[in-house]
Amino acid sequence: MFKRAKFYLIIFAIIFVNFLTLDFLLIDVEKTALIVALGVDKVDSGYEVTAQIAVPEATNQSTKSNESVIYARGDTLYDAVSEIGNRTGWYPKLSFCNLIILGDSVFEENVMGVIDFFVRSYKVEDSAIICASEKSAKEVLMSISPLDNISSFALSKIFVRDHNNASAILTTSIKEFSTQYYSPCKSGLMPKVKMIDTKDKGNNTSSASSLTTSTGANSNEGKNTPVVYDAETSVLFCNGLKVGEISGDECLFFSLFDKNAKDAYFTLPVIDNDGNGGSALISIKKSRGKLSLKKRNGEFILSGKLKLRIKISDTDFPQSMKEIATIGRLNEQMLERAKDYIEKTLYQTFEKSKNLNCDIFESKLKLYRKFNDDFSAHSEKLLDNLKVEFNVTCQNYI
Amino acid sequence: MTNLKKISVRQLCFIIIPLFSVCKFYVLPALVSGVSLEGGWTAVLLSFIFDFIILLASIFTIKNLEKPLYNSSVEIFGKTLTNITFILYAVYFFLKAFIPLVEQKNTISLTFYESQPTLLIFMPFFVVAFYIVKRGVTAFARSVEIIIWLFLFSMLIIFALSVPAGSYGALLPLFNSPRKILAGSYSILLWFGDPVYLLFLGSYLKSKEKLYKKTIISYAVAAIITVFLVAVFYSIFSSVSERQYYAPIKMSKYSITLSNIGRLDYLGSVILSLVSVYAICMPLILCYDSINNVFSFKGDNVIIPFLVVFFEAVLIYFCQNEIFESIKFVQRYFVPVFIVFAYVLPLVYAFATLIHKRKKEKLNV
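First to last, the sequence lines map onto chains A and B.
Per this note's numbering, residue 1 is the first one in the first sequence, and the count goes up by one each step.
Per this note's numbering, residue 1 is the first one in the second sequence, and the count goes up by one each step.
These are computed hints drawn from the structure, not numbers from a lab.
If you're wondering where the values come from, they're calculated on a predicted model, not measured in any experiment.
Hints may be right or wrong, so weigh each one.
Pairs of lysine-lysine, DSBU-like flavour, derived with a Cα cap of 35 Å [what the hints assert, rightly or not]:
(1) 253/B x 370/A
(2) 253/B x 305/A
(3) 134/B x 294/A
(4) 253/B x 307/A
(5) 3/A x 134/B
(6) 157/A x 180/B
(7) 285/A x 253/B
Model the full assembly from the supplied sequences, consistent with the hints where possible.
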């Protein structure tokens, strides 16, 4: 009995001593840099990584989130990320990194050279949102937003807001982008971030502070004018190379095949009651979309069907009380016009992607899944020979 | 070997559901998807069907043996052959725990830790494993009555978060390439062959009433959960699934709910890791049990459970950084050995039991 107690005591002592001396090698949260966003730019000698870091501080005096933007260079991305740790003494913790911004310089080469790192590494969650930047990624992360202390949080808000809802912002995660790239389509898209200057009452409306800007970065660089972000344009990729862009309405109608819309808007050119040209803001309140590949008489047809419930949310011309009272009902002519506009935009998107050899409608993937026997014979020339039929049905919401 | 009959059929079923499935959740989905692509779930289903034959053979053996397996085996094959078989089975069970143990160690260190921790963080596992092994089958079966609920709760969290994230068109074309499906099934062979446990656990059964019905239903539940998990896994990751090791942690993080409530999915994964501790201890207990049968140790033995767990820890220590190389090594050299112990010997026992039973019946007539 005594021997057994001694044995358990020794085991307990070993565990206890380990816990007290090493914390089982757990990292102290105070020594941790929580990287909330990463920006990647291509430079001559490799990559420049800009990390936006939220620094946890043990204090009861302030509830402010502090952030700092740090950049480092390396031959590879991992090299650059490690460099941040080496220079600051922090453990760069990447599991809170929910946003990856790729600067315009990255798109000169196959973008998968960068994204591969995030797929390979267990340090970054591949559910992180990935987006392209109009300028350098560093500029986006250095910008001040009146909406949040931390610019990447302000940017993330526009991506997360409509994540489950069809919208003009085609939020893409690392996993989604790499899944598309490694599929038979070898195509993909990601939203493009543009910074829009805003006017503030004072010069210092944002409480953003750059506590530490190491590696010689100018703390005021890119932080002069407060900005908001726009991501209603998406960049198209084929074989990892940037080939083109699609704009707001094209993104919105394309996304209706993937997600249901609960509250999405587009502007429809209409003719007012006096016969003058005007615009109406149409709200899509409900949608159901289906995109399928069919084979008819030996020809492959991409068939897209959309059923939309829409209403008028606003017009740029006065309406009668009767029209306002009918809670945004569209007349037959306007419904027909909306249908034509959406179909026209979809055909235009398809033609654009086809001309760029970019299979964003995933027709090759559909060929592989549905007509697997025909895949090897037809996949190469599928986009050239593919016929397309878009059928949109618009109905009044109420 | 008296006074063994201490576990019920219900407890046996509770062993089958979580412990026959949980070890197949971590590396297996990525491995089989790499070989069979969208047919991965079919390959897993095929492996379960092969195992089902062994399950039936094992239940047949249990049902028709009047004495515990070791005693019956001595009666049928003689003491020397039985002792050799049981010693070899002890080695087999020892090696059977190796892959899930390596997987679990890597899952914990790669997903719950930021930096690469040392083996020390995994040391408490060996302490717990030692205690579980030492307490033996009866205590194990009793604790599994709690583990089953933890398992079902973790599966509920994981499926609730991952099922809506899947794009199920990715599972097409169905039954695309039988060759790929067969190759996939072969590549995951090391994760199967669990029904052989029943052959040994059968010695502890209090009653054998409705044994067939209950074990088959439990086995079907374990198979359905595993096949469904692999299907959901491929529907989420499709073309990049080959890279997505440690599936339970990876697949449930894409739910939009998590952006509002935080990483709730870790709760399911942590609970599943706890269930895995039991799944890893299962073959270790049987290893100890087989040695105990051969040498008939008297009293409460501490040394053998300690040695079993200690050597497992030593093995893990030497292979800790080469998980995939270790798996490849075991696959290359041990698959034939594995087939003999997991598939051939249970069938031999079933035939021997049948012949023995008929001989007895003839003698009685």
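So, going through the hints one by one against the coordinates:
1. Restraint check for residue 253/B and residue 370/A: the C-alpha separation of about 29 Å stays at or below 35 Å, so the hint holds.
2. The hinted pair formed by residue 253/B and residue 305/A meets the criterion: a straight-line CA distance of about 31 Å does not exceed 35 Å.
3. Our distance criterion of 35 Å between C-alpha atoms is broken by residue 134/B and residue 294/A, whose separation comes to about 63 Å.
4. Taken as a hint, the residue 253/B and residue 307/A pair is honoured in the structure, with Cα atoms around 31 Å apart against an allowance of 35 Å.
5. With a CA separation close to 16 Å, the supplied pair residue 3/A and residue 134/B stays within the 35 Å bound.
6. Restraint check for residue 157/A and residue 180/B: the C-alpha separation of about 44 Å exceeds 35 Å, so the hint is violated.
7. Using a Cα cut-off of 35 Å, the hinted pair residue 285/A and residue 253/B holds, with the two alpha carbons roughly 29 Å apart.
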